[in-house]
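Going by my numbering, the sequence shown opens with residue 5, and the numbers climb by one from there.
You may find that some hints are simply not true.
Label pairs and their in silico Cβ distance ranges [as the list claims (entries may be wrong)]:
hint: 1; residue 1: Asp-76; residue 2: Asp-194; range: 34 to 44 Å
hint: 2; residue 1: Cys-15; residue 2: Asp-72; range: 17 to 27 Å
hint: 3; residue 1: Gly-264; residue 2: Pro-88; range: 25 to 35 Å
hint: 4; residue 1: Arg-12; residue 2: Asp-194; range: 25 to 35 Å
hint: 5; residue 1: Arg-79; residue 2: Pro-213; range: 30 to 40 Å
Derived from the structure by calculation, the hints contain no laboratory data.
All C-beta atoms in this analysis are idealised placements derived from N, C-alpha and C, irrespective of residue type, glycine included.
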Amino acid sequence: MFTCLVCRSLCLEATQLQAIDLAHRHGFDSVEARADELASLSVDQLQRLLADMEAKGLRFGLAGMPIDLRRDEQRFTEGLRKLPEFARVLQRCSVARLGSSIVPAHDELAYGENFRQHVERIRAVAQILGDHGIRFGMEYCATPSLRIGKHHEFIHSLPQLRELIAAIGAPNLGLVLDSWHWWMSGSPSDELAALRREEIVSLDLDDAPAGVPQKLLGDRHRELPGTTGVIDLERFVGTIRQLGYDGPVRAEPFEFPSLGLTADEICRLARQSLRSVLS
5 MFTCLVCRSL
15 CLEATQLQAI
25 DLAHRHGFDS
35 VEARADELAS
45 LSVDQLQRLL
55 ADMEAKGLRF
65 GLAGMPIDLR
75 RDEQRFTEGL
85 RKLPEFARVL
95 QRCSVARLGS
105 SIVPAHDELA
115 YGENFRQHVE
125 RIRAVAQILG
135 DHGIRFGMEY
145 CATPSLRIGK
155 HHEFIHSLPQ
165 LRELIAAIGA
175 PNLGLVLDSW
185 HWWMSGSPSD
195 ELAALRREEI
205 VSLDLDDAPA
215 GVPQKLLGDR
225 HRELPGTTGV
235 IDLERFVGTI
245 RQLGYDGPVR
255 AEPFEFPSLG
265 LTADEICRLA
275 RQSLRSVLS
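Take the sequences, apply the hints, and build the full model.
Laid out in structure tokens, this is it:
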């Protein structure tokens, strides 16, 4: 496993160049690729960026989804038209992993209709990414507050997500596993242990605030991994390590208590927490 800096997961605003600089200064092994920014660079600019990363001992660990999968058909169709360009630049940057999450509820679409729409859209996206050597990982979101007030619940557990992946049938589809959602869902260790190494595209680590019941926690009210011990990260990481997973790992505490901290301080703490848990 290797560490990856994803600034948005730390509630940090950063350009691609700023993220690369932060990752280098604080000893991350890799950094998130921003497909939209990379696609806007000229060939010479992109070559200089990649040469600079190589000199700093950095690589791209993963990319976020550069188009909107979730809203109306017109917006999705427009994004799908742009996706091959994004995929080409990610391939030129040796980015082999991309991730996105599944919204666990919908105001209009019932489960079956939403499931069919996800199959259709994700299959189209996966085909384009697969043509460029990119694995597409999807994440289930189990936080109960994400489903409260919505008319129709949707995928929010590992078995449900694996069912969706099986229905799509694309060979480059896999999982983004998050310790927070594993803990929120009550998923047993043997559910993780039953996975195959090749199913896992990327890994997110976080902890939960001490002394707060699960049902009262918002999705972004997290802590840096290993700082409270509420989530059994030794069991979570240990199980995934036994599977032979060797991909990127990011810290995703979102709005952890960071008031008054600079971007450098936040990145330093994130890197330290990841190293501590992974060791």
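Does 30 to 40 Å hold as the CB distance between Arg-79 and Pro-213, or does it fail? holds (35 Å)
In this structure, is the beta-carbon distance linking Gly-264 and Pro-88 contained in 25 to 35 Å? Violated: the Cβ-Cβ distance is about 43 Å, outside 25 to 35 Å.
Outcome for the supplied range 25 to 35 Å, where the beta carbon pair is Arg-12 and Asp-194: Since Arg-12 and Asp-194 have Cβ atoms about 33 Å apart, the given range 25 to 35 Å holds.
Does the Cβ-Cβ separation between Asp-76 and Asp-194 fall within 34 to 44 Å? holds (40 Å)
Is it true that Cys-15 and Asp-72 lie within 17 to 27 Å of each other by Cβ? Roughly 21 Å apart at Cβ, these two residues keep to the hinted range, so it holds.
Taken one by one, the earlier hints fail for this structure only at number 3.
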